[in-house]
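These protein sequences, in sequence, are chains A and B. Just add 14 to wherever you are in the first sequence, counting from 1, and you've got the working numbering. Just add 3 to wherever you are in the second sequence, counting from 1, and you've got the working numbering.
I should point out that these hints are in silico values taken from the structure, not numbers from a laboratory. Beta carbons: idealized from backbone N, C-alpha and C, even for Gly. Any given hint might turn out to be false.
[Stated by the list, open to error] Derived contacts from chain B toward chain A, CB cut-off under 10 Å, selection only:
| id | residue |
| --- | --- |
| 1 | 219 |
| 2 | 229 |
| 3 | 268 |
| 4 | 369 |
| 5 | 372 |
What follows is the residue order along each chain.
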Amino acid sequence: MKPVHTSEFPYDAGKITDDIKPKIVRSFLKDAFDSITRGGAGYHVWMGTLTFVMLTGAFAYSIQLNEGLSVTGMNDRVSWGFYISNFTFLVGVAAAAVMLVLPTYILKDVDFSKAVLIGEGLAVAALFMCLAFVTVDMGGPARVWHLIPGIGLFNWPSSMLTWDVLVLNGYLFLNLTIPFYILVCHYQGKHPNARIYVPGVIISVFWAFCIHLVTAFLYAGLPARPFWNSSLLGPRFLASAFSAGPALIIIVLSVIRRFTDYKVENVTIGKIALIVTVAAQINLVMLGSELFKEFYAPTHHSESAVYLFFGLHGFGGLRPWIWTAIMMNLFATGILTLNPLRNNHKWLLPACAILFISIWIEKGMGLIIPGFIPGPWGKIVEYTPTWIEICVSLGIWAMGMFIFTLLVKIAIPIETGKLRYVTETVSSGEKTTTNMPASTNLV
Amino acid sequence: MSHCNCSSPDPIRKNGMHELLAENVLSDWLKRDDEMNYLRSMPSLESVLMWSQYNNQPTSLAITKRTAADHVLDKGMDRRTAVQAMAASLMAGMGFFQTACNPFAPADEREKSQLAWDDYFQGNFRIMTDKEKEETVRRLERMYELNTGKRINISAKGPIPGVLYGYAFNISKCRGYLECIRGCIEENNQDRETGMQYITLHEHKKGQMNFGEAPDDFYHEVPRDGHFYIGTQCMHCENPPCVDVCPVQATWKEEDGIVVVDYNWCIGCRYCEAACPYDARRFNWQDPVVPENEVNHNQHYLGNRLRKKGVMEKCTFCIQRTREGKNPACVEACPTGARIFGNLLDPNSEIRWVLANKKVFRLKEDLGTEPKFWYFMD
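Construct the entire structure; sequences and hints are all you get.
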């Protein structure tokens, strides 16, 4: 069975399917494999470049495995660094998929439907990156089986890290299975059965909030680190995630509609931009609240914030990072707040990129690192990532982009109706494709 | 950071102390995790009550504990067998497995590979039977012998019934000689390359107690004029935040109050290091190095046995010494007698005398970790 390319009538309106036969899944996987291994020169250059970056990262990681984590900038004072910073940020990106899932599947808002599969693909890629960042941060990655419930000793419910393992893997499962089901249905030219996927969608909406809240509680639950030990940490994680994640989705959708024939309407991007704007504004309100608490009547517990923003006892390594982040954040939120600018893509896309980078800095160099400075006895040891950490991190980001590109390369031909399951009618012996009218809502 | 209350001495009166300890011991027993839950049954509750009365010989305790271990360990065996069976096929490509199965490899190499294989699939020490613990330490001894040709002695000795360790630090007596640190490093086989130390001595200016401004890396003649010294190390909290956060239960509090790490079980996530408010935990960022002629050969599985890269370690109150009835190395090494160690459940111990007769305080009491490490002045 070969993929048949039909330009018109990709959907058969009336049919709803709830059974997925192994034969169809096999054919789907084979066609998916064909789709990801074929493409223009640009596609192969892009994937080749990502592979090169991943290999560089793997080489850097092999050095780290041999020498130990001493090749990183971390030490007993700053015991989490660049890896956990990236992890924290990416959990937010993964959680942000919910901002598209919620209106599409539950509120039946048609405008988001073009974006939702892309959003879920982004969540899957982000989750693989999260798991990779946690793994490279571990001193004994060979002993991860100690974490497997039943075989190892899973310290649940006491350790927030075990909660994080559960919610991240659960969320990964949901974001792999729901789009898979929908794609396989569309692949056959049929509508997915709402009774099958909607319960999963509803769970995944709650789950998305959980993954970022649980990750925030990982830090907020440590009285030893007053900078993190704040009840605002969880809500602020959500606000910043729901601005950075959809901002990335806007950029990705713009790239996709430029380079493929996947149609994304301006109104879809406009609605996502509104989500980004509101979340970014809420994030700034919370930032203001935190700054007030830390600096109006500073105590010993404010020392990390003092160090971060103004420097302490002659050390101020994080000042350039945080002020860059704040300036970028204010600038981007300002642009997004003004309707004429937000609706103009020449302004919107740079604003989204700037916002994304500013929140990446804020969640990493502006949150994880200063939590350790000063140390429990007030000692200041500064942290800078080494080239090993930077290479490994770039490798993991490249891996995320690689995974995301593969997922999109499979999803887009199906969604545009170019890739369809071919049935062979035994009686007449002629090949037919199942067709549906093109205008139908995807879900 | 949050050393806000540390400068306010908060003396604990004798009666208060009794109540505190009784409460802690009881609540600790009642908070055991699921595998120990059946200990809440009648006979063990009796022994708990006996223990909290500070009677000298709560013999029933030892009996209950042994049954507990037996019960739990049936489960542990199943788990380990399952892991081995499952992973054997996955790991078939690994070098040590090949060597172990290769009849032409030298006998030594084959044994080494077999031991490395067993080492990788070893279960969590806390839930092993006494027999398994014994096999584990014998294996570690044999591995060391095969690698260096030298014999060591690794103990798996459990806690002594009726003992709860506590520590007191006399600020008036400490002169900053750093002998405690030297003694600790030698006793506990700490990495010489990175200069790892469990104990930190802070040199405070008289007239204030601000840890942020007290250097802990001083190299000059001591005692320095106008200064005083405070040592910190693991406080062996009754309510240790580091234990709660460990995702794999690689660290726990023993019956005698010592917070220990199973170096073979730790996955190196360093969550405990972030959770500790006392800067007590140390990570092996690289392969630790101790020249063979400097290795202390008297070791304990949960104490000073040699560690590997990528795992956490910490002060264990010198578990290899204290469970044999000796003082920790820092107490022995201190030339001024500033360090006092003993059994909190023994009313005649020196530590109990200090708690009863000195105005003691603890650091960061506001965090509710209930450290068993007190400070006092003459």
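Hold the hint about residue 372 (chain B) up to the distance rule: shortest CB distance to chain A must be less than 10 Å. This hint holds: residue 372 (chain B) lies near chain A, its Cβ roughly 8 Å from the closest one there, short of 10 Å.
Tell me if residue 229 (chain B) is really an interface residue toward chain A, meaning its C-beta lies closer than 10 Å to one of theirs. With a closest approach of 20 Å, the residue 229 (chain B) hint is violated.
Hint check: 10 Å Cβ-Cβ cutoff, residue 219 (chain B) to chain A: Holds. Min distance 7 Å.
Does the CB of residue 268 (chain B) sit less than 10 Å away from some CB of chain A? With Cβ-Cβ at 6 Å, under 10 Å, it holds.
Taking the closest Cβ pair, is residue 369 (chain B) under 10 Å from chain A? 9 Å, holds
Checked against the numbered hints above, the structure breaks only hint 2 and satisfies the rest.
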